[in-house]
Amino acid sequence: MSRFVYADNAATTPVSREVIEAMNEAFVTAWGNPSSQHAKGYEAKELVDSARESIARTLGCLPAEIYFTSCGTESDNWAIKGAAMRMREKRGRTHIVTTKIEHHAVLHTCEALEREGFSVTYVNVDSDGLVKMDELEAAITEKTALVAVMFANNEIGTVEPIAKICELAHAKGALMFTDAVQAVGNVDINLRELPVDMLALSGHKIHAPKGIGLLFIRKGVVINNLIDGGGQEKRKRGGTENVPYIVGLAKALEIAKERLPELDAVRRRRDRLIDELTGIPYSKLNGSRTERLPGNVNIGFEYIEGESILMWLDMAGICASTGSACSSASLDASHVLLAIGVPHEKAHGSIRLSISHDTTDEDIDYIIETMPPIIERLREMSPLWEDMKRALAVK
Amino acid sequence: MQYSEKVMDHFTHPRNVGEIEDADGIGTVGNAKCGDIMRIYLKIDENDVITDCKFKTFGCGAAIATSSMATELIKGHTVSEALKLTNDVVVEALEGLPPVKVHCSVLAEEAVKHAVADYYNKIGRPLDFELPVDDDEE
Chain A
4 MSRFVYADNA ATTPVSREVI EAMNEAFVTA WGNPSSQHAK GYEAKELVDS ARESIARTLG
64 CLPAEIYFTS CGTESDNWAI KGAAMRMREK RGRTHIVTTK IEHHAVLHTC EALEREGFSV
124 TYVNVDSDGL VKMDELEAAI TEKTALVAVM FANNEIGTVE PIAKICELAH AKGALMFTDA
184 VQAVGNVDIN LRELPVDMLA LSGHKIHAPK GIGLLFIRKG VVINNLIDGG GQEKRKRGGT
244 ENVPYIVGLA KALEIAKERL PELDAVRRRR DRLIDELTGI PYSKLNGSRT ERLPGNVNIG
304 FEYIEGESIL MWLDMAGICA STGSACSSAS LDASHVLLAI GVPHEKAHGS IRLSISHDTT
364 DEDIDYIIET MPPIIERLRE MSPLWEDMKR ALAVK
Chain B
4 MQYSEKVMDH FTHPRNVGEI EDADGIGTVG NAKCGDIMRI YLKIDENDVI TDCKFKTFGC
64 GAAIATSSMA TELIKGHTVS EALKLTNDVV VEALEGLPPV KVHCSVLAEE AVKHAVADYY
124 NKIGRPLDFE LPVDDDEE
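Listed in order, the protein sequences are those of chains A and B.
Residues in the first sequence are numbered consecutively from 4, following the working numbering.
Residues in the second sequence are numbered consecutively from 4, following the working numbering.
Isolated chain B (complex conformation) (with noise of 0.2 Å):
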């Protein structure tokens, strides 16, 4: 698959790559039969700005780009600002992705949402979002 410049700076080096031991919310989507599993994991400060973020990623090059450059979008911004991430955003980041491969910023959007959700249920704040219904899963 040919890749954009940004899309190959991402994937070769990732930003944000880890886990982060304490996290105050952690997502995890996709299957490994469908061959694309991300997870974020987010630090949440009293202000609600997310003060450190971090991912993993089993997939191909665009799945780890695109879990990358979610990273860089969200770090240092409110949850409420990081729930507006959208998948057009991640791509427009990357420059770009081949048609097949768009589905990965879905999946990178989704991650944050889900590590928003378990943030919320760990400091019990209702759920005022549409939590995304991962529709890899069989």
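Same shape as in the complex, but just chain A (with noise of 0.2 Å):
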């Protein structure tokens, strides 16, 4: 074994040498503090706020609606609470919409805030992982204050209809919230067109380090604070900022958006492995065909477990993951399989493998050629199988 084939972008991304290199200016000279009344201090803010008018540009919004967070969990809570907080204190409303897709930092966040006294609703999808728009609509009332919807899964890729589902919360007076943390760099976000009122998105999916995210929050809508400090991001987000990391953000945010045009050769490559797994007897594509991140493959296999598919494939050398409950320290199947339908027994035997541009033809035949062996192995180990097997045989 000689090959590495990293194919779990969905779960972090290096950091490009662009970015590092964006990022050593602030490492190596301008290490002030941006709230420091001193030259040192400028030079600091000046890269911060060039950062901000960057992304506002890469966004289509305004440098003002840019928040810094430490991340996309932090952008989530922030959004989530402070928002619900807000509207019950000024509008009397306690209602929050989400669906049953969304990730942990919106569901435990939404869970939290039921423990607060407020009342969340949490919509099913359909089978491609597709919010039921219906029973979205008729879950939005005048005591609705918040609809979170994520712009994209992280598991099953299903990339979701936001802007329609902003008119809906709109209708009502709600705010709406999206969590476009696999989002961005996969789809073309214009926040001048996209009606939302916040968005969160995270630097690690985009080639940016972890510890880096932002909360857009549009003119005009107050939320209340997370983390109360010092005055920083116009007194709404206490810290230091967080320099050499913003200006990575603004440097990869940048990339990601020329890099646009490059995704239908991701998305080719998905497609053919896609075609080629879902080729494997007994094996299905979980999620969208058709509205679908570029880089997401998510494949269930039956009869077999994706902890040890997983195993196998790591020591061939793939990076992939698994929605098998095995794999996760609380032992639950993914919670998203479940949402779409699919049994208990079968979530285990998926695997989710996310490519990205720097993922070559020659990665996706290794993955084509590496992964039947490995499903044949497990299968000949597995009572399921010999059981379907001699239950065949019986007909």
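Warning: the hint list may mix true and false statements.
SDA-like cross-link-like pairs, simulated, lysine to any residue; straight-line CA separation at most 25 Å [as the list claims (entries may be wrong)]:
| # | chain 1 | residue 1 | chain 2 | residue 2 |
| --- | --- | --- | --- | --- |
| 1 | A | Lys-392 | B | Asn-34 |
| 2 | B | Lys-9 | A | Met-318 |
| 3 | B | Lys-36 | A | Asp-390 |
| 4 | A | Lys-349 | B | His-106 |
| 5 | A | Lys-349 | B | Thr-31 |
| 6 | A | Lys-398 | B | Lys-9 |
Far from chain B, some chain A residues (derived; all Cβ distances over 12 Å) [claimed, not checked]:
| # | residue |
| --- | --- |
| 7 | Asn-36 |
| 8 | Glu-114 |
| 9 | Gly-282 |
| 10 | Ser-327 |
| 11 | Gly-344 |
| 12 | Ala-350 |
| 13 | Val-397 |
It is worth saying that the hints were derived from the structure and are not from the lab.
For glycine and all other residues, C-beta sits at the position ideal for the given N, C-alpha and C.
Bring the two chains, given one by one in their own frames, into a single complex with the hints.
This is the structure:
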């Protein structure tokens, strides 16, 4: 084994050389505190300001609408808790609408608000993972403070109709928040056209480092603070600005935007992977074939368990991930797969491969040739496979 | 999940994988909902010695490794010795398991006991040990 194929880009991505170079200046020379009233401080502040302007251009919003945070999870927490608390105080709205397939950063935040007296509706999705729009529409009422629906799902890559969902939320006077952590860099996001009130994103999914994220809050929308402190980010988010990482995030977003036209090539590689892997008997694509992130492949292999597949892939130099309970500390099968109607036993045998711009045709070839013998080997030792074959023989 | 070298050895080179067509005892435990199913086959001679032992497992790396180790530990031993196999012995032989995976070793112990119970049933010997109830069953 000599080949190494990283197919877990939905988990995290390597920091790109350009991003490291951009951050270097902030580490080496502009190390001041942006709040300081002296040359060293001004130097750092200038970097933060120009990063904010660059990001605003990339996303199609105002610089003043960008608030830097430590990660996607913080952005999710802030948006949901901040909006919910504000809407309750000012308008007496105590209801939140979200979906069953959100990231835990959203689901567990909503559960925390339930303990604070809010009611939450977790809307179902169809077998492709698309939000049931009639159910969503019916769930939003005059009591709804916030609608939170992810832009794209992290496990099965389903891209949700966010613009339409915004309309439904706004028709009832509710705020609309989307977690775009997986979508950014994979979908053209233009906040001038997409009327979301808040949007969260994270750096490490787009070749910036871990530990930096942002929350877009549209001008005119006011939410409560999550982190109080020294007046940074217009008094909305305390904590000394992480200058190098902010610079890195701006650079990464700029590159991601430039590379959007190259996503067709990623999509073609993804489709080849899907076609070849679903050619293995008793395997099935999880999620939508069309409304799907360009780099996401999620396949269920019946009669075997995902962690075992993952271990063999890892030994062959392929990094992937699984929705099996056995790979998680909680020992629960993926809530996303269960929500799209995949039964428990099949959810255990699911593998996610998330490719990027850096994935080559040779990498795809290697995955395609490596997978079938692994599946066969594990099935040969599976009692479920044995039972199935026996049942077939009886027929 | 990071495993010990011993676990990786038994996962990549599992001992005694397969079926025994004319097995004297078969035990299946676990369920697909929880992601682990183990089946152990025993061939037992007239002196109660386990002359052959095979397994099939649906499950994670730890489930496969514990099944493999359990078959190794009981093969060539008598049925009453096999009944003394505890999950702790399996874990120790594997040089440890991550805490969330210890239940796999419990399953291996239970699979052996269920296979022996099946053997007793086949030869009409009354059950003289406690048969673990599979608490994974819904």
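Each hint, compared with the structure:
1. Of the pairs offered as hints, the one joining Lys-392 (chain A) and Asn-34 (chain B) holds, with about 18 Å between alpha carbons and a cut-off of 25 Å not exceeded.
2. Restraint check for Lys-9 (chain B) and Met-318 (chain A): the C-alpha separation of about 15 Å stays at or below 25 Å, so the hint holds.
3. Proposed proximity of Lys-36 (chain B) and Asp-390 (chain A) is supported: the alpha carbons are some 16 Å apart, at most 25 Å.
4. Proposed proximity of Lys-349 (chain A) and His-106 (chain B) is supported: the alpha carbons are some 21 Å apart, at most 25 Å.
5. With a C-alpha separation of about 19 Å, the suggested pairing of Lys-349 (chain A) with Thr-31 (chain B) holds against the 25 Å cut-off.
6. A hinted pair counts as satisfied when its Cα atoms are at most 25 Å apart, and Lys-398 (chain A) with Lys-9 (chain B) does not qualify at roughly 41 Å.
7. Distance check for Asn-36 (chain A) against chain B: the nearest CB is about 40 Å away, which clears 12 Å, and the non-interface claim stands.
8. The beta carbon of Glu-114 (chain A) sits about 22 Å from the closest Cβ of chain B, which is more than 12 Å, so the claim that it is off the interface holds.
9. Gly-282 (chain A), annotated as away from the interface, keeps every beta carbon of chain B farther than 12 Å; the closest lies near 22 Å.
10. Once the 12 Å rule is applied to beta carbons, Ser-327 (chain A) is inconsistent with being away from chain B; the minimum gap is 6 Å.
11. The beta carbon of Gly-344 (chain A) is kept farther than 12 Å from every beta carbon of chain B, the shortest such distance being approximately 15 Å.
12. At roughly 9 Å, the least C-beta separation between Ala-350 (chain A) and chain B is not larger than 12 Å, which violates its mark as non-interface.
13. Every CB of chain B lies more than 12 Å from the CB of Val-397 (chain A), the least distance being 16 Å, so the non-interface label holds.
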